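Chains as they are written, first to last, in the working numbering: chain A, 1 to 323; chain B, 1 to 399.
Check the hints yourself; a few may be wrong.
[Stated by the list, open to error] Restricting the straight-line Cα-Cα distance to at most 30 Å, the calculated cross-link-like pairs of lysine-lysine (DSS-like) are:
(1) B:K45 - B:K110
(2) A:K156 - A:K255
(3) B:K65 - B:K319
(4) B:K99 - B:K36
(5) B:K139 - A:K300
(6) A:K299 - B:K287
(7) B:K392 - B:K375
(8) B:K45 - B:K65
(9) B:K392 - A:K299
(10) B:K170 - B:K237
(11) B:K373 - B:K319
(12) A:K299 - A:K175
(13) A:K255 - B:K150
(14) A:K175 - B:K392
(15) B:K139 - B:K225
(16) B:K65 - B:K139
(17) B:K237 - B:K176
(18) B:K110 - B:K225
(19) B:K2 - B:K237
(20) A:K300 - B:K287
(21) B:K139 - A:K299
These aren't lab readings, by the way, just hints derived from the structure by calculation. Here the structure is a predicted model, which is why all the values come from computation and not from measurement.
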Amino acid sequence: MAIIINADTKVICQGITGSFGALHTQGCLYYGSKIVGGVTPGKGGLSDENDLPIFNTVEDAAQATGADATMIFVPPPFAADAVLEALDAEVRVICCITEGVPVADMVRTRAVIDERNHGRSLDEQFVLIGPNCPGVITPGPKTGSGESRRDPYTNKGCKIGIMPGYINKHVSEAKTGKAVGIVSRSGTLTYEAVWQTSNVGFGQSTCVGIGGDPVRGVGFIECLERFQADPDTHGVMMIGEIGGTDEEAAAEWAKSNMTKPVAAFIAGRTAPPGRRMGHAGAIISGGQGDAASKIAALKKCGFEIAETPADMGAAMGRAMGVL
Amino acid sequence: MKVHEFQGRELLADAGVPVPAGAVVESIEEAASAYKSVTSESDTKLAVVKAQVHAGGRGKAGFVKLVRSAEEATEAARFMLSHRMVSPQTPPDGLEVTKLLIAAGVDIAKEYYLAITTDRATRRNVLIASAEGGVEIEKVAEENPDAIVKELIHPLMGLQPHQARRVAFKLGFTGKQVGQAVKIMLALSNAYQRLDCSLAEINPLIVTPKNDAHPDGQVLAIDAKFNFDDNAMFRQKKVAEMFDASEENPMELRATRFGLNYIALDGSIGCLVNGAGLAMATMDIIKHHGGDPANFLDVGGSATEEAVTEAFRIILSDKAVKGVLVNIFGGIMRCDVIAQAIVNAAKEVGFEVPLVVRLEGTNVEEGRHILEKAKSDIPTMQAATDLGDAAKKVCAAVG
Numbered sequence: 001m002a003i004i005i006n007a008d009t010k011v012i013c014q015g016i017t018g019s020f021g022a023l024h025t026q027g028c029l030y031y032g033s034k035i036v037g038g039v040t041p042g043k044g045g046l047s048d049e050n051d052l053p054i055f056n057t058v059e060d061a062a063q064a065t066g067a068d069a070t071m072i073f074v075p076p077p078f079a080a081d082a083v084l085e086a087l088d089a090e091v092r093v094i095c096c097i098t099e100g101v102p103v104a105d106m107v108r109t110r111a112v113i114d115e116r117n118h119g120r121s122l123d124e125q126f127v128l129i130g131p132n133c134p135g136v137i138t139p140g141p142k143t144g145s146g147e148s149r150r151d152p153y154t155n156k157g158c159k160i161g162i163m164p165g166y167i168n169k170h171v172s173e174a175k176t177g178k179a180v181g182i183v184s185r186s187g188t189l190t191y192e193a194v195w196q197t198s199n200v201g202f203g204q205s206t207c208v209g210i211g212g213d214p215v216r217g218v219g220f221i222e223c224l225e226r227f228q229a230d231p232d233t234h235g236v237m238m239i240g241e242i243g244g245t246d247e248e249a250a251a252e253w254a255k256s257n258m259t260k261p262v263a264a265f266i267a268g269r270t271a272p273p274g275r276r277m278g279h280a281g282a283i284i285s286g287g288q289g290d291a292a293s294k295i296a297a298l299k300k301c302g303f304e305i306a307e308t309p310a311d312m313g314a315a316m317g318r319a320m321g322v323l
Numbered sequence: 001m002k003v004h005e006f007q008g009r010e011l012l013a014d015a016g017v018p019v020p021a022g023a024v025v026e027s028i029e030e031a032a033s034a035y036k037s038v039t040s041e042s043d044t045k046l047a048v049v050k051a052q053v054h055a056g057g058r059g060k061a062g063f064v065k066l067v068r069s070a071e072e073a074t075e076a077a078r079f080m081l082s083h084r085m086v087s088p089q090t091p092p093d094g095l096e097v098t099k100l101l102i103a104a105g106v107d108i109a110k111e112y113y114l115a116i117t118t119d120r121a122t123r124r125n126v127l128i129a130s131a132e133g134g135v136e137i138e139k140v141a142e143e144n145p146d147a148i149v150k151e152l153i154h155p156l157m158g159l160q161p162h163q164a165r166r167v168a169f170k171l172g173f174t175g176k177q178v179g180q181a182v183k184i185m186l187a188l189s190n191a192y193q194r195l196d197c198s199l200a201e202i203n204p205l206i207v208t209p210k211n212d213a214h215p216d217g218q219v220l221a222i223d224a225k226f227n228f229d230d231n232a233m234f235r236q237k238k239v240a241e242m243f244d245a246s247e248e249n250p251m252e253l254r255a256t257r258f259g260l261n262y263i264a265l266d267g268s269i270g271c272l273v274n275g276a277g278l279a280m281a282t283m284d285i286i287k288h289h290g291g292d293p294a295n296f297l298d299v300g301g302s303a304t305e306e307a308v309t310e311a312f313r314i315i316l317s318d319k320a321v322k323g324v325l326v327n328i329f330g331g332i333m334r335c336d337v338i339a340q341a342i343v344n345a346a347k348e349v350g351f352e353v354p355l356v357v358r359l360e361g362t363n364v365e366e367g368r369h370i371l372e373k374a375k376s377d378i379p380t381m382q383a384a385t386d387l388g389d390a391a392k393k394v395c396a397a398v399g
């Protein structure tokens, strides 16, 4: 099970001939993802260095390969258009890794996606992940070295994006026999959470990096909703940061809708107001979005709080009653 | 990105929003003629001289002055151009002022607040207005939320005239004021979308007293504040040219040139981290163990060895730094790149202060191997097993 993607997900890469697109296409192949092709306008008919077919349009790629997911590595000025092209071609999972997309582009793009998703059930909805995100991974058990396409890390997992795959544990490799879902606004903090939850004996069902921009695709609630419905997810770790009110909204949602154990960490307790802390979305402004109020809201709604970023694995353990 | 008030007024005027006459001066000598030109059509001969710096608290610091003659304007200019402005929002030694705005004073019958920003919760741009203008809108929002009127703007249609009319009537505009206010709201909304703003604010928007020429008074913008989406500057050449490097921290600018994300803070522990979230979290855990971070520094995922070496130069050039914490969880960033940069920085600048290194993730074995080999050349270096251990070690080393 897991959420959003699984071992059968067929993935294409938009921007496959760019340096990052090429590098991470290979990384995903070596992990064991079913990467079936790529798109670079003008290079249709050629193959990339891994012998994957290249198409001129997403429509061509989706028709020829049956891809149901895409990862986008095109430069920021063209990223929103790439998302809309994938949507037009009915690609269900659209993962936009690109950092630096103008907010106005995402306001319009998100409005179009919301319109397309109107009235669709959770399983039928288009899922935009990102932009400015590390991607999504549903880990599989280690079955190979991960050093080539012929000998991938796993034959039962799927990684889309730039996360280091090998730090993840499949539930079958976890000493507690439990798997947690992870949803995060920050890339490297996700890796930290994966590492720590693995060390305390959990596997991960799926990890979603939703991205650090103020306007993006799926948020915390959309992921919590899917994790709650997924029988293979036994608890959820949520990693937020300063800026906006998404964590507060997610806390309220979880209070009335989640029965699974939840833990959270909020980055930016010591961040000064008015300064953008790297991510476009990480800024305390207009008296809103500071860490203290987010932590208070999460505590009130039953989240186990990691007091420091080194406490994330232990907090998940406390929430699950294994520590 | 922010621009100066005088630039904001230009952008407003370009958009078709009426603003009182104004002029920018950069010397004491220019003040008298600027005063005369901006007040040539006014009866009161009142003008205001305002220092053009991004920092707030200008009024209390004496850097906004009402003047009634060319002599007073010259005096105000002399004071502002020859003293550094010190306010709670400036560094302790203040800021040098090089540009002044001299604007015609206008009589005010009533003040309003008008702004557009992007509302993250609804993922739409929102028009925010209040009949309680001239004060901090956050305060109004907290003390009297009913005094704030909001209109969500459709992402594809933009602000519609009927929405602007609704706001105008709710704010209590009457007669010909309504049409003027509507025009201003539509112009501000267009400018917000056209210029990729993240904030476009008129505070105060004012109505002048009724007189024979304007029986319903005139609606004017007195002060403008624009912030822009940094991500969109590639298509906003005109706005990008308004960038004033002298308003920025020189170290932060230097970091930007190498693709590093650096923010100077006032503690003693320098941090070098990959990823914005982890960088913030690293600051948090330093504080948790009793230390104080000297900076936020995200080297990003694709930084080269050269950029990371530059990051160390920037951190070590801060004399307040008494220790350095390197916290890397390699995803795209490879641990061997970081390790090599540490070796380079040690050769070039030298680590006289304690250095604590925590490496995990992609190519971690290679990275650890590089540092192990260089250990004898970097005597102040300690390795840490995890994030908690790293924070404890660096806080203990700094004391």
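How the hints compare with the structure:
no. : hint            : result
1   : B:K45 - B:K110  : 20 Å, holds
2   : A:K156 - A:K255 : 33 Å, violated
3   : B:K65 - B:K319  : 38 Å, violated
4   : B:K99 - B:K36   : 18 Å, holds
5   : B:K139 - A:K300 : 26 Å, holds
6   : A:K299 - B:K287 : 21 Å, holds
7   : B:K392 - B:K375 : 21 Å, holds
8   : B:K45 - B:K65   : 14 Å, holds
9   : B:K392 - A:K299 : 26 Å, holds
10  : B:K170 - B:K237 : 37 Å, violated
11  : B:K373 - B:K319 : 29 Å, holds
12  : A:K299 - A:K175 : 28 Å, holds
13  : A:K255 - B:K150 : 29 Å, holds
14  : A:K175 - B:K392 : 29 Å, holds
15  : B:K139 - B:K225 : 18 Å, holds
16  : B:K65 - B:K139  : 25 Å, holds
17  : B:K237 - B:K176 : 37 Å, violated
18  : B:K110 - B:K225 : 20 Å, holds
19  : B:K2 - B:K237   : 14 Å, holds
20  : A:K300 - B:K287 : 24 Å, holds
21  : B:K139 - A:K299 : 27 Å, holds
Comparing the model with each numbered hint stated earlier shows that hints 2, 3, 10 and 17 do not hold.
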